[in-house]
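Residues per chain, in single letters:
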Amino acid sequence: MTRSHVDIDTTRDRATQPLVASVRDLKVYFQAKAGVVHAVDGVSFDIRDGETLGLVGETGCGKSVTARSFIRLVPSPPGIYAGGEIDFWSTEARKGGRGPIDLLQIPHEEMLEIRGDRIAMIFQDPGKALNPALSIRSQVAEVFYQHRSEDILEPLGGEDAPRLIRRAARQQSNSVERFLLKLPPWRAKTEKLKERVNVLVADALKETQIPNPRAIMDNYPHELSGGMKQRVLIAQALACNPDLLIADEPTTALDVTIQARILELIAELQQRLETSVLYISHDLSLVKEICDRVAVMYAGRIVETGTTEEVFSDPKHPYTRGLMAAVPSALHKRGELAAIEGTVPELVDPPAACRFNTRCPFAVEVCRTTDPGLVMVGAEHTVACFAYDTSDGSVVLPTLTRWVS
Amino acid sequence: MTSVTAEQGGQPPTAAQRAVISVRGVEKYFPIKEGTLQRVVGNVRAVDGVSFEVRPGETMGLVGESGCGKTTLGRCISGLAPPTGGKIYFRLPDEDAATLDLIDPIPESDRTVQQRKQVERIDANHRVDVMSGKAWRTYRRNCQIVFQDSFSSLNPRQLVKDLVGRPLQVHKEASGQELTERVVSLLESVGLGRQHLYRYPHQFSGGQRQRISIARALALDPEFIVLDEPTSALDVSVQAQILNLLHELQKDRGLTYLFISHDLGVVRLMSDRIAVMYLGKVAEYGTAQELFEDPRHPYTEALLAANPDIRAEVSVMKGLKGAVPNPANPPEGCRFHTRCPVATPACGWEVDDAVAWLQARELLAAGLADVQRRSKFDATLVFHDEESASAVVRAIHDGDMPPAMKAALETVSTDGSSLVIRFFPVEPVELEDVDDGHLTACLLHTERRHQTWPPQTSADSSSRTAANPSSTSTRNSSTR
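Quick mapping for you: the protein sequence lines, in order, are chains A and B. Under this note's numbering, the residue at position 371 of the first sequence is numbered 371, and the numbers go up by one with no gaps. Basically this note's numbering = 1-based index in the second sequence + 1000.
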């Protein structure tokens, strides 16, 4: 029984909506002393235009590495982009009828253009993602200097503005120019430029429902609460109206009451700005609340994908089932939580086998020797488990029949 | 009473013993120091008057958001940090508890010699922070703690054998071969084994490290364990393993737990009774079932509403506006009123709330120059010009101000560019029994909801505000 990982490719044709990004057989490895760690090992999924895709998994399953690969933030070395592609359609590309660009292949300069502009990211810990030594104003303003210098120049005559001012609007001034800008003939223009940036920053902060943004612009990150810091980060990320927003556990460091507000905010902004979101989380209940589709990752592989509805009402993979059963709820008796025994396997040079076979209560011989590919088990539901038949998704392994039904 | 005098804290629990831990009005303030002389300019009230009891064999849950003081309280109870006020007792017999109930309300100076002696004796035997040496040793054996972050609570340079065997060595329980065997049996009881004896903490996964922490806590066969967020650093599948293990150990060894967590689902599963904390105070207290099925405090309701439920058919996550107020300057009345969706005029509106409301409005805040406070409820807002002052008055009357806050205003009067605002002063909201052991600190669920509003202005309250004009102006709120 051999299966390939490209089975899922069929979904590309079946998708009725246009795609924003398509990950194909992505492999990201890390060179460690003990060997090569296969952190992401053949991951494929699509992000459709305007949807929220949830990428769920436990610590170390490779979900953050997958997300960071989109904007090439995986440090290299030790990281190695070992294969696969991430195709990305920006709005302009789609309007112009152009094809996708492969984010792993484009030159560094082009990536700088895309990063923070077309693809933006919100990080897990807002305390660490903001620079403690810079004011909120200068950190949000940086996005505009980097990507929106034409907006800054607008009241100063756009591209007809003097070269000195054009360079200032891109933060490219050298020390001599900075000195000149302080002198009377230029000072008024510099002030105007600064005021324009302030307006842009205040508008961006206002978007995230920060009350009285002008008052917090001069604050430093430590002066703000966690929820407020996360709002600043969201303002920064959405300032350029990106096509794709990557949210890497944006609420893990926050309290539940604040978390709910931040998620409301992201959902509202997403609707208004028509941004697609890749939402990464370890919290299944959260993903159920906010995502349209879900991809479940385990040990560097995707084990199940589908619409939120399908995956949560009828989980197919033993891992997904185990994960959902392990969430405490009112239905559980104390001491009777369904835990998944064992621990995540080492990802150093892993053998060809189902990654979950060491913890799966239903594993049989084939699980230990062959790699299961994703098979279709529903309209948009795929699963990587030998229990299901490749052709029609019916249950084939006798040991599992009883469990599945 | 003489027979009890001989009693030491070391006695095993008897039928007459109601609580393993009795927390009575515990306060923990952290001083804020400033200047070269490090003068104390204020206090962060991390825990501000908390009382409850933990009964033998039960799990008491302590739940709340970060910064509500639940960890600090856990540290006070386990003797790691002395409380700055209030008392914590270990194995307090019922009769002594009754004695204390009688004596505690009497001020220190009015007590008779006999009463003082009684308190001294009880304190020496049972009160955690002033215990006599022998009682203290017994307490240390019987109260253990498991911390949240197993990485920083296990010494990275020690082997598992030394980590788990350390309490046995310190208390001279075992040594040599016997020690090793005891450690092995402890490791086996938490699902590890002999093969793990000679490894360092970094060689284990998070779940395994937490098991080592639990084994260490069990080493002296304690009666009571403080579990400070034992699973919040773990993945959900491993969390389930640890929670099951904790329950099994409790069943087998008759342990009593204080379970501290911010995760409502976990607390609900593990606890018999739960205290919900907010800003250093207990907001609601009751059995797990009461609390989850019939919450009597808006904060508990808000926590439940914000918690996503994986098994709910449809659930709407709802958050709370605003942030947790500064515990160095907690709100008056009910501490939750600044974020409460159902706050009434009687909930403790004060000058700080009005200033915060003002500062959230860019146009109004721009004109504010200074706030001169006479009391928490009475202040003069000084504006740059008359126009800004009258704009604020208009905003107050046009319904831009929350109706509850507006109704709590006693007077609003302008005098040129300054605006005097005075709120009706209110008393702090205390916990009240609303349903046979179900306690809540919310006006809406107690008898006080029937009170008339506005309150009768007594001469007493007005003289108090008038007699206190010495408070200096604070905080320059200019937003230039």
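For the record, the hints were derived by calculation from the structure and aren't laboratory data. Even for Gly, the Cβ is constructed at its ideal location relative to N, Cα and C. Check the hints yourself; a few may be wrong.
Mimicking DSS-like on lysine-lysine, the simulated pairs with C-alpha atoms at most 25 Å apart in a straight line are [what the hints assert, rightly or not]:
no.: 1; chain 1: A; residue 1: K128; chain 2: B; residue 2: K1251
no.: 2; chain 1: A; residue 1: K333; chain 2: B; residue 2: K1321
no.: 3; chain 1: A; residue 1: K206; chain 2: B; residue 2: K1251
Just a few of them, taken from the derived set where beta-carbon distance is under 8 Å, the chain B residues facing chain A [said to hold, decoys possible]:
no.: 4; residue: V1184
no.: 5; residue: G1207
no.: 6; residue: D1235
no.: 7; residue: H1247
no.: 8; residue: L1269
What follows is a list of derived Cβ distance ranges for each label pair [claimed, not checked]:
no.: 9; chain 1: B; residue 1: H1450; chain 2: A; residue 2: Q209; range: 52 to 60 Å
no.: 10; chain 1: A; residue 1: T59; chain 2: B; residue 2: A1360; range: 44 to 52 Å
no.: 11; chain 1: A; residue 1: A93; chain 2: B; residue 2: T1287; range: 31 to 39 Å
no.: 12; chain 1: B; residue 1: D1436; chain 2: A; residue 2: T59; range: 52 to 60 Å
no.: 13; chain 1: A; residue 1: E113; chain 2: B; residue 2: F1151; range: 55 to 63 Å
no.: 14; chain 1: B; residue 1: G1399; chain 2: A; residue 2: Q209; range: 18 to 26 Å
no.: 15; chain 1: A; residue 1: G99; chain 2: B; residue 2: D1400; range: 35 to 43 Å
no.: 16; chain 1: A; residue 1: L331; chain 2: B; residue 2: Q1114; range: 41 to 49 Å
no.: 17; chain 1: A; residue 1: K192; chain 2: B; residue 2: N1326; range: 53 to 61 Å
Taking the hints in turn, this is what the structure says about them:
no.: 1; hint: K128/A x K1251/B; verdict: violated (42 Å)
no.: 2; hint: K333/A x K1321/B; verdict: violated (34 Å)
no.: 3; hint: K206/A x K1251/B; verdict: violated (54 Å)
no.: 4; hint: V1184; verdict: violated (21 Å)
no.: 5; hint: G1207; verdict: holds (7 Å)
no.: 6; hint: D1235; verdict: holds (4 Å)
no.: 7; hint: H1247; verdict: holds (4 Å)
no.: 8; hint: L1269; verdict: holds (4 Å)
no.: 9; hint: H1450/B x Q209/A: 52 to 60 Å; verdict: violated (37 Å)
no.: 10; hint: T59/A x A1360/B: 44 to 52 Å; verdict: violated (38 Å)
no.: 11; hint: A93/A x T1287/B: 31 to 39 Å; verdict: violated (59 Å)
no.: 12; hint: D1436/B x T59/A: 52 to 60 Å; verdict: violated (43 Å)
no.: 13; hint: E113/A x F1151/B: 55 to 63 Å; verdict: violated (40 Å)
no.: 14; hint: G1399/B x Q209/A: 18 to 26 Å; verdict: holds (20 Å)
no.: 15; hint: G99/A x D1400/B: 35 to 43 Å; verdict: violated (53 Å)
no.: 16; hint: L331/A x Q1114/B: 41 to 49 Å; verdict: violated (55 Å)
no.: 17; hint: K192/A x N1326/B: 53 to 61 Å; verdict: violated (38 Å)
Violation of the numbered hints given earlier is confined to hints 1, 2, 3, 4, 9, 10, 11, 12, 13, 15, 16 and 17; the remaining hints are satisfied by the structure.
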